[in-house]
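Those sequence lines, one after another, are chains A and B. Per our numbering, the very first residue in the first sequence carries number 39; after that it's consecutive. Per our numbering, the very first residue in the second sequence carries number 5; after that it's consecutive.
Because the hints were derived from the structure by calculation, they are not lab data. Any given hint could turn out to be false.
[Unchecked claim] Some residues of chain B that are not near chain A, with every Cβ distance over 10 Å (derived):
no. : residue
1   : D22
2   : K23
3   : G32
4   : K45
5   : L47
6   : V64
7   : P65
8   : S84
9   : Q111
[What the hints assert, rightly or not] Listed next, the stretches of chain A that the computed footprint assigns to chain B, with coverage defined by at least 3 CB atoms under 8 Å from CB atoms of chain B:
no. : segment
10  : 61-73
11  : 83-94
Every residue, glycine too, gets a C-beta built ideally from N, C-alpha and C.
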Amino acid sequence: RKEVEQDPGPFNVPEGATVAFNCTYSNSASQSFFWYRQDCRKEPKLLMSVYSSGNEDGRFTAQLNRASQYISLLIRDSKLSDSATYLCVVTGYSSASKIIFGSGTRLSIRP
Amino acid sequence: DTAVSQTPKYLVTQMGNDKSIKCEQNLGHDTMYWYKQDSKKFLKIMFSYNNKELIINETVPNRFSPKSPDKAHLNLHINSLELGDSAVYFCASSPRDRATSGGAGTQYFGPGTRLTVL
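Just chain A, with the same shape it has in the complex (with noise of 0.2 Å):
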């Protein structure tokens, strides 16, 4: 099993749709959960941390299921410019941790 799962995708959604993907990850003693985005031929960028009590900035929403081992990250209201892969990473708290990327979820947003 891979440390860190991420269904590829691509998810294909009308513009105004919501959408939600899922990360799952293999090390229960994993601390630190984050939302990356990277879109076509740039570098990934961090969208969100994801916390132990759910956290929302705007349209979108992070939640973190520690018993089933996995984060979600749902977006409201889908704009053309969220099509952009989704990666989700795993960490520890310190600076030494392994720090895991997923292979990311492709979103593609249609007018």
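Place chain B on chain A using the hints.
This is chain B only, laid out in the frame that chain A set:
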């Protein structure tokens, strides 16, 4: 103001050559990284330096040698380039302390260096 910069942006070279990629960050971060993203878009960490000290060294051929002259710079030298080294190499940096800034998972990436080995 570029936070994390890399040079060159594109690098095309012949098999067997030696090449270097440079990275600089002006964010004042203590930790810097090198990642490789292959043709399948899988992003994998290669090295991490904290304040010029190597702290993560994943299973990478010893043809790859990182060098950190100071905490704002982390260069990557590759000897005897092979076809399989063709990929996009990303440099990144992160703040040290999770309590203040999210720690290792809060990464700021450079624009990438697209390496093609012929």
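Comparing the hints with the structure gives:
Separation of D22(B) from chain A is adequate, the least Cβ-Cβ distance of about 25 Å exceeding the 10 Å criterion. Non-interface call for K23(B) relative to chain A: holds, since the shortest CB-CB distance, roughly 20 Å, exceeds 10 Å. Under the 10 Å C-beta cut-off, the non-interface status given to G32(B) relative to chain A holds; the minimum distance is some 14 Å. Distance check for K45(B) against chain A: the nearest CB is about 6 Å away, which does not clear 10 Å, and the non-interface claim fails.
At roughly 4 Å, the least C-beta separation between L47(B) and chain A is not larger than 10 Å, which violates its mark as non-interface. The claim that V64(B) is not at the interface with chain A holds, since no C-beta of that chain comes within 10 Å of its own (minimum 14 Å). The claim that P65(B) lies off the interface holds: its Cβ sits roughly 19 Å from the closest Cβ of chain A, which is beyond the 10 Å cut-off. Every CB of chain A lies more than 10 Å from the CB of S84(B), the least distance being 27 Å, so the non-interface label holds.
Taking the minimum C-beta to C-beta distance to chain A, about 7 Å, the non-interface status of Q111(B) is violated against the 10 Å cut. Given as covered by chain B, the segment 61-73 of chain A passes the check, having 3 residues with a CB less than 8 Å from a CB of that chain where 3 are the minimum. With 3 residues carrying a beta carbon less than 8 Å from a beta carbon of chain B, the segment 83-94 of chain A meets the three-residue requirement, and the given coverage holds.
Figure legend: structure checked against the earlier numbered hints; hints not met, in rising order: 4, 5, 9.
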